[in-house]
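Novice: The chain contents come next:
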Amino acid sequence: MTSPVRVLVVDDSALMRKLIPQILATDSSIQVVGTAMDGNFGLKKIEELKPQVVTLDLEMPGMGGLDMLKEIMRRHRLPVIVVSSHSTDGASVTLKALSMGAFDFVAKPSDVSARMPEIARELIAKIKAAAQSRGVPINASPATVAPANKLLLDTKKRPTRVVAIGVSTGGPQALQYVLPQLPKDFPGTILVVQHMPEGFTEMFSRRLDEICAITVKEAQSGDLLLAGRALICPGSRHLKVKRLPLGDVAVLSDEPRVNGHRPSVDVLFKSVAEEFGEKSLAVIMTGMGEDGAQGLGSVKAAGGMTIAQSEESCVVYGMPKAAIERGYAVRVVALDALANTLLAQCMQDRKPGVTAEPGEGRKGAGAGRN
Amino acid sequence: MSQFSDERGAELRELFFETAQELLQSLNDEALKLESKPGDPEGGRSIRRIVHTLKGDAAAAGCRELSELAHELEDALSVETAGPHNSLAEIAFAAADTFGEMLSAYRSRAKLPSSAPLRKKIRELAQAPKTRKSRTKKPPAAPAAQAVWTEYEKLAMQEALNRSQRVYQIKAHIDPGCGMPIAARQLLLKALGEVGSVLGTRPEAGSTESTKQFQVLLASDKTADFLVAKCRIPSIISQAKIEPIDPPPQSKAQRKPKAATALPAPKTGEKPEATIEPQRRLDETGQILSPSSNENEGIAKPHFALAENTLRVDAERIDNVLNLVGELIIGKSMLQQAVNEFARQYPRDSMRGRFADAMAFQARVLNDLQRSVMKVRMVPVEQLFRRFPRMVRDVAKQCGKQVELVLSGQDTDLDKSLLDAIAEPLTHLVRNAISHGIEPVPERVRAGKPSCGTIRLEAYHQGNQVIVEISDDGHGIDVQKVRARAVERGLLGAEEAGRLSESDILELIFRPGFSTADEITEVSGRGVGLDVVQSVLQRLKGKVEVETHLGKGTSFRLQLPLTVAIIKALLFRVDHRLYAVPLNAVAEIARATESDLHRVDNREVLQLRDYVLPAIRLGRRPEEHPDRGSGKIFILVITVGERKFGLLVNSLDGEEELVIKALDDQTIETDLVSGASILGDGRVVLILNLAAVIERFVKSRPNSAGGQASGLLISQSGLARIAQTSTAVQP
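Protein sequences, first through last, are from chains A and B.
Reminder that position 286 of the first sequence reads as 286 in the numbering used here, one-by-one numbering, no gaps.
Reminder that position 163 of the second sequence reads as 1163 in the numbering used here, one-by-one numbering, no gaps.
Derived from the structure by calculation, the hints contain no laboratory data.
One or more hints might be untrue.
DSBU-like, lysine-lysine: derived pairs with alpha carbons at most 35 Å apart [said to hold, decoys possible]:
1. K1033(B) / K45(A)
2. K1037(B) / K70(A)
3. K1230(B) / K242(A)
4. K156(A) / K242(A)
5. K1037(B) / K44(A)
6. K45(A) / K1375(B)
7. K1241(B) / K242(A)
8. K1375(B) / K50(A)
9. K1033(B) / K70(A)
10. K242(A) / K1416(B)
11. K45(A) / K1222(B)
Pulled from the structure, derived: some chain A residues nowhere near chain B, Cβ distances all over 12 Å [unchecked claim]:
12. S84
13. P180
14. P187
15. H261
16. Q294
17. A301
18. E325
19. D336
20. A337
For glycine and all other residues, C-beta sits at the position ideal for the given N, C-alpha and C.
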């Protein structure tokens, strides 16, 4: 292994400044080079200690987390992992931080002490991913669409395709970039599994709905899959789909974790493949791990279209890489081309065996780093 | 994960308890600030931030109840941000108290105190009408009561209505006596399925709720009465309520997805405009988001000055290190002696130089080490002072008085063990000052004083002492009253009382059981009196002094040694024996001869330039002394408090930093010596307790047995005892 990842811990709680380094000390490939109690100290220490990754508490006196994040993004472009509290306000601030360029976040649930090992693993994994990432692409925030412009959803109009999106680290930013580009009369229906804890997904859905022309909502069981609508899977549930006589619906389930995740992208993809076959379109986007790779294979096998986000546009090239390496991605598309690709795919009237470009599927497969 | 073992957990908890105390202190500070500046949004935010941190820390330490309570408070406070409530400070105080009680309960693993009063306050805060705003909080109504049908079920409902079927919502209660609630449910569903189509049921089968009651959405051609009859299954279904649905219910309780409103609404004139309503609600939530996130961008003053990279160490461990350093120094001197011996025996050996180098290096490092350890023990009195603002506020409120607390010199450093020891006495004095010192408002106004009393708490260095002074501008202590009370209590005879000076009378207030307060109040006068204050100070080798002016106020001065562990000392000899005094106490060193000493009123005095000093003779008088011929002596001019004395010594032996080794009572009985120390060469030096020396000197009656009066250390059996001591502490 190369030299350890240098981490700076910024937190106003003395306890956390002790605890987080303790957690990170359990992994020899991470080295906490310093701690800081607020943004001002934090920025000074970044200059001094040159960390590779910063963990950041957003609620701090003095220079708060968001201000510090802004400065880090402006001056240092370091990956920042937000250590976020689990509350309504915590979720909203965290999402704001993500849209400002934070790499990812780790939520401290209220029973954090009981779930310490799990949180420790998550934090360590995210720090490692952050250290390897190419930095966070900053996408121009799309203009907010006046909600009045939205079309009323029509229960009679069946969507042309069922688009299932699976995404993890870097997802909030990527989705906030892609979904607002879709027109209000987008003919497909969208289902999203974003790895994110409970509570955050609701806030995230609302935020997306504000900036998108299509309608976005957190999925509830029995919600109809309608054209021009995106349903976001709530945290700690699985999202599946079901065809019913009067319409197609989303179904939430509490089945065990898959690939260590709930929601799991694989669960969604497999369910979509099963129910919608060649009408399905699965997109695997930026994120750590391999969740969704198998599911993408199922969609492909069922005759659906499969797309993986291109390596250079990923914050973490993990999930797409796993899918591409297995040969499950029919197309590899860069983030900025994704909206148009989705639109084109959904406009086509479900021609079977669509415009597969098999050569592209292999692209970048060997280029992964380890 | 084995890394987070129990031991780690315990350590984490310990750290949590400490940091939590600091957070509570900050909470109190912020609440006080807010109270003086009500409506300051920054104050509200700081409070919320502190509560937020506490919540997170408590969760990490596994103090779930505390974390949850803090969470509730935080949520209530965030609703609050728009316009701070007047009672915010009040709640913060209450919260600090409750959290504090919970913390100590966690610490002692006792039962947690009730948090109900605080919870009630939090609820009131959260429900204050002005804070309602438009936040879409879930209504407290039981969600199970009203089923929420999914979009698909509503769609099915719609289809049925379009087919001009009737749709009913049936609420069935399963008979509590029914032994098979799951079968009961199926039975009813089967019965209903025969007369219509079941569009949906709530709650899901298998949930605990489902064994008591459930709701069915049914499309049927039959009438409600018919269905009620159908539902009547004795001893299985106890009650069934049927509501026809027409048009589909628009439950306001649920945050409605926009799509739902677009579902065709039959019969009624409900038009697409209906979408506006939930849409706006979303807008409003959007607006709520922004202020609550903006507040993090506001630059706030750091609300507590916690040094970076602070390490918390048990004081005992530091003492251990300090002791070991002391041992090392002795070890060094042993080594030095061995090296010297070596040098004498082998004057030409080349090893000599190398030994000398090594010794010098070791000495330097040892010196630094010792100094560093000393510094570790010192903490600013701020740590103690910061608890007082809240206390003064509370006590003043209780007493119905107006009191302002003025702090100064918070950055004065003091040995941590001293600081801890004076916490109680100081608290007592502050309480006293408020309850007995400061007058009630009307009385103050009558006396022409500002209605708000002032209590000053000051800390500063004076010589080798730290003075902590607490003064009030109250009515002062009535010396005559003290005198009368003393006589009344039988502490003094009337005649003796008349003879004593004012300052002597004042000393009486430090006697156990003495109180001039006309009544015992809840606040003070609870048995702990000034006698306790004095005994603590004596134990610390410090002193307490009182100064009072009737009608103007009283001040207590706590005099404390800078540290209990080390002093910079001047070494000198009296009768060939080595002693030391704290260097800071030495104002000047003069040379004199025996002939410069004069006798005034049977005491020896000394003329130094143009002033006269009382002289204290530690050793024997020259006439008792064999070598009286030389007659040359040194005078150490010592200041203790206001007093100046000349200490007569035979010779000076240089100055040195001494690590004080406490002498226990068995080793030494006299209080004239405050400790001993071991010098680099292994010699033992006794450190004089100057305050005691002077006291002894003043008290000794000059007329009694002339010569014995001075020669303090030598008088009586002192010499023998001290000689024993010296050998006892010899390593």
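Novice: Looking at Q294(A) again, its CB stays over 12 Å from all of chain B?
Specialist: Q294(A) is indeed farther than 12 Å from all Cβ atoms of chain B, at 28 Å.
Novice: The output says H261(A) does not contact chain B. Does that hold with a beta carbon cutoff of 12 Å?
Specialist: The claim stands: H261(A) keeps its Cβ more than 12 Å from every Cβ of chain B (closest is about 19 Å).
Novice: CA of K1037(B) to CA of K44(A), is that 35 Å or under?
Specialist: holds (33 Å)
Novice: Is P180(A) truly not at the interface, in the sense that its beta carbon sits beyond 12 Å from all beta carbons of chain B?
Specialist: holds (15 Å)
Novice: Hey, K1375(B) versus K50(A), does the alpha-carbon distance stay inside 35 Å?
Specialist: Status holds; Cα separation ~31 Å.
Novice: Per the stated criterion, does the least C-beta distance between S84(A) and chain B lie above 12 Å, as a non-interface residue requires?
Specialist: violated (10 Å)
Novice: Assess, step by step, whether the Cα of K45(A) is no farther than 35 Å from the Cα of K1222(B), and give holds or violated.
Specialist: It is violated: about 76 Å lies between the C-alpha atoms, which goes past 35 Å.
Novice: Can you confirm whether the C-alpha distance between K1230(B) and K242(A) stays at or below 35 Å?
Specialist: Holds: K1230(B) and K242(A) sit about 32 Å apart, inside 35 Å.
Novice: Would the pair K1033(B) and K70(A) pass a check requiring their Cα atoms to be no farther apart than 35 Å?
Specialist: The given pair, whose Cα atoms are some 30 Å apart, holds under the 35 Å limit.
Novice: Verify this label for me: A301(A) is non-interface relative to chain B, using a Cβ-Cβ cutoff of 12 Å.
Specialist: It holds; A301(A) is separated from chain B by about 28 Å at its closest Cβ, greater than 12 Å.
Novice: Would you say E325(A) is clear of chain B, with no C-beta pair closer than or equal to 12 Å?
Specialist: Since the minimum Cβ distance to chain B is about 30 Å, E325(A) lies beyond 12 Å and the statement holds.
Novice: Sort out whether K1375(B) lies within 35 Å of K45(A), counting only the CA atoms.
Specialist: holds (26 Å)
Against the hints set out earlier in the document, violations occur for numbers 10, 11, 12.
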